[in-house]
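Please take these sequences and the hints and turn them into a complete structure.
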Amino acid sequence: MTRSLKRQQETNVCYNRRLQSLPPQQTVVHTPKSMMHTPQQQRKQSSTSHFHLYPLVEKFTDAIETGTRDQNSDALVTELNILFDNSQQLLNSISESKTMTVDGEKRNLEESEQLLQQRRDLMVEFRKFVEDLVKIESY
Numbered sequence: 004m005t006r007s008l009k010r011q012q013e014t015n016v017c018y019n020r021r022l023q024s025l026p027p028q029q030t031v032v033h034t035p036k037s038m039m040h041t042p043q044q045q046r047k048q049s050s051t052s053h054f055h056l057y058p059l060v061e062k063f064t065d066a067i068e069t070g071t072r073d074q075n076s077d078a079l080v081t082e083l084n085i086l087f088d089n090s091q092q093l094l095n096s097i098s099e100s101k102t103m104t105v106d107g108e109k110r111n112l113e114e115s116e117q118l119l120q121q122r123r124d125l126m127v128e129f130r131k132f133v134e135d136l137v138k139i140e141s142y
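Those letters in the sequence shown? Residues 4 to 142, per our numbering, in order.
Keep in mind that the hints were calculated from the coordinates and are not lab data.
Every value quoted in this text rests on a predicted model; they were computed, and no experiment measured them.
By construction, the Cβ of each residue, glycine as well, lies at the ideal position given by its N, Cα and C atoms.
Simulated crosslink set (EDC-like; lysine to aspartate or glutamate; CA at most 20 Å straight-line):
| id | residue 1 | residue 2 |
| --- | --- | --- |
| 1 | Lys-62 | Asp-77 |
| 2 | Lys-62 | Asp-73 |
| 3 | Lys-101 | Glu-113 |
| 4 | Lys-62 | Asp-88 |
| 5 | Lys-109 | Glu-99 |
| 6 | Lys-138 | Glu-128 |
| 7 | Lys-62 | Glu-82 |
Estimated spans, in silico, between C-beta atoms of each pair:
| id | residue 1 | residue 2 | range |
| --- | --- | --- | --- |
| 8 | Thr-71 | Thr-102 | 39 to 49 Å |
| 9 | Asp-77 | Ser-115 | 53 to 63 Å |
| 10 | Glu-116 | Lys-138 | 27 to 37 Å |
| 11 | Glu-82 | Gln-117 | 47 to 57 Å |
This is the structure in structure tokens:
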């Protein structure tokens, strides 16, 4: 196996690992509330399209293989660092928003459970009341 082919395979493996570390895409059910896009959502969607790192990694691999360090390779390193930092910031903001969503859903679940328990208690009271009425009428 040639050296460049081996490097390309290693690059592909690294790239695939990066892709696998990203959160899976989710299907969104559109409701009137979710159909409205906030500027933050649009910013996230547009910023994700800027993270095409593979071509930059390919260029960087070529620069390493030639063994020459010049302004172009330094610029590639700088650009890759910036893109990786931006990717990390995006992933952090996504994980924070998911945490807030999960916390909100937990609160909703707890509130629903409390309401359900209150309804059960009321049904028990109502049943006792009806049973007492039936007993009184049967005397």
